[in-house]
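J.: Chains as they are written, first to last, in our numbering: chain A, 1 to 291; chain B, 1 to 298.
Be a bit skeptical, because a hint or two may be false.
Below, a sample of chain B positions facing chain A; criterion: calculated Cβ distance under 8 Å [unchecked claim]:
| hint | residue |
| --- | --- |
| 1 | E95 |
| 2 | P130 |
| 3 | G224 |
| 4 | A249 |
| 5 | E250 |
Worth flagging that the hints you see were computed from the coordinates, not collected in a lab.
Glycine included, each C-beta is placed from N, C-alpha and C at the ideal position.
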Amino acid sequence: MKLARFALFLSLLILTACGSSSTQTASQPQTSAYIENKGSDTIVNLALAWAERYQAEHPEVSISVTGGGSGTGIAALLNKTVDIANASRPMSSEEKQQAQADGIAPVEFVIARDAIAVIVNPENPVRQLTLQQISDIYSGKINNWSEVGGEDRPIVRLSRETNSGTHVYFLETVIRLGDSQNKTLFSTDTLLLPSSEGIVSELRQNPNAIGYDGLGYVPPDLKVIAVAQDASGPYVIPSIETVNNNSYPVARDLYMYTAGQPSGAIEDYLDWILSPEAQAIVADLGFVPIK
Amino acid sequence: MDKSLDWQETIITAVIKTCGYSAVVFVILIFFFLLNEGIPALTEVRLGELLSTRWYPIENYFGLLPLITGSLLVTVGAMLVAIPFGIGTAVFLSEIAPRWMREILKPVVELLGGLPSVVLGFLGILVLSPYLRLLLNLPTGLTALAGALLLGGIAVPTTVSIAEDALDAVPLSYREGALAIGATKWQTIWRVTLPAARSGVLTAIMLGIGRTIGETMAVMMVTGNAPVMATKLTSIFAPVRTMTATIAAEMGEVANGSVHYHVLFLIGLVLFLISLAVNITASSVVFKSKKRAERVLS
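Just chain A, same shape as in the assembly (with noise of 0.2 Å):
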């Protein structure tokens, strides 16, 4: 009896072997693809939007998007763990020469255009300030608001943490104000904080403190600072606009890549990107369509 109902547990377990491995072979002609995506927690959103929309068009076609930072895009894209990984930052020259040991040749694509907004509290009277300015500020030389036109309380400085992409850019070109000789670092007591959310939500409730984030992450009820290029120089508000005019001094290009060319399902997909259906879809966001 018992030896019966084994035998039947095991033909049972052929059959389903053998039903799943024909439906395999089946649907394998419909060219099913699938498209993994990983990076910037900058571009995260942006990218769900894009791979919605396109999956909503092309329903033969899957596409997974996770964030975890620029860093860990790029290196799962090096481990080739994805197809295709989200950076707000250029590769860096320790990562190509990584890409290169592992015999992967990555292709860049800039898919939008990003612009760092400064935030502070709305209860906060300040509503300008100059790079060098905002250098000091992160760098520790200037400890309260006083100092730059505010009241009288201290500073608590909010960055993201060292993994993001938008860290690295502050520092590049805000602290260091695009100087590759310059070596200031972040004042060690800036709080380096896991996500945006957590800077929105410092900022939302502490009068005394000042964060970055990119603009398509703002919120409507904090406090955006117009920022010149130096004392002299028109102070701007970042917008869809002041970005594409080249007027607002923080922004950036945004990249995806690829390890090798693209080809099949990956290239159309780009292709896509770049076109103008998707590229309305980076003005919904609040970032900068590149054309």
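Since the structure of chain A is already known, use the hints to place chain B on it.
T.: Here is chain B on its own, set in the frame of chain A:
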């Protein structure tokens, strides 16, 4: 019949033995893995650099001291919260509360222990840290104090549950004897019941410390993660960065086999050694006190 029993016995013994040994083997394997991945950091980074006070790994500053002092400060702060509250609650539940109340309260406390720490971290960010900032007039509420209070809260259920079990295991005759010679209820608790349950209570405290020093998510959310040296008493009102939060925040982006990767494993090794030291101290104290108790009884 006898033979099959023997046979079963052998199998069961073997299974239990395997479980016991494998626990030890796993710990040893983990330790060697940590050594293997962490020790290269000692040759790649100078010792003076590791003992410096600046942690900024993306520019190759690998000073571990701010992280170690940060972890110690938060842990000590958390224990200052968890020990009095945990032991107090355990004493109340076991010695003072009526039976029916205990039957309700103990499962509730243990349920609290099952709350995911990320949920408590959210409460910390949205409620605790803004409140601390206003109450103490601090520049920001994301401080070591917020981390210590939250971690203390996380450690309390563990401490209560185990300490209460230990107190409950003290024979009723001890209490009856103490009360019979005229001791008050408080004297009985403080002089008789607690000392008799000492080893269990100490275990409760140690497990509380273990939970605290290893806790990651809640700490990462509320301590601000600024790698500042925590050397003064007032550092409790300033942001700190703990070892666990550093590993959690940075391990995801780090290139496999890089200096930064090895240093993160070195931090893991330091954490491992700290918990080992805590456990060894605890068991030696328990061992000593047991010996003394045996001497007194004999």
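J.: Holds or violated: the hint that A249(B) contacts chain A, with Cβ atoms closer than 8 Å.
T.: Check passed: Cβ of A249(B) comes within 5 Å of chain A, closer than 8 Å.
J.: E95(B) was flagged as interface toward chain A. Is the shortest Cβ-Cβ separation under 8 Å?
T.: violated, 42 Å
J.: When the nearest CB of chain A is found for P130(B), is that gap smaller than 8 Å?
T.: holds, 5 Å
J.: Answer holds if the nearest beta-carbon of chain A is closer than 8 Å to that of E250(B); otherwise answer violated.
T.: Since chain A brings a Cβ to about 6 Å from E250(B), closer than 8 Å, the hint holds.
J.: Hold the hint about G224(B) up to the distance rule: shortest CB distance to chain A must be less than 8 Å.
T.: holds, 4 Å
Against the hints set out earlier in the document, a violation occurs for number 1 only.
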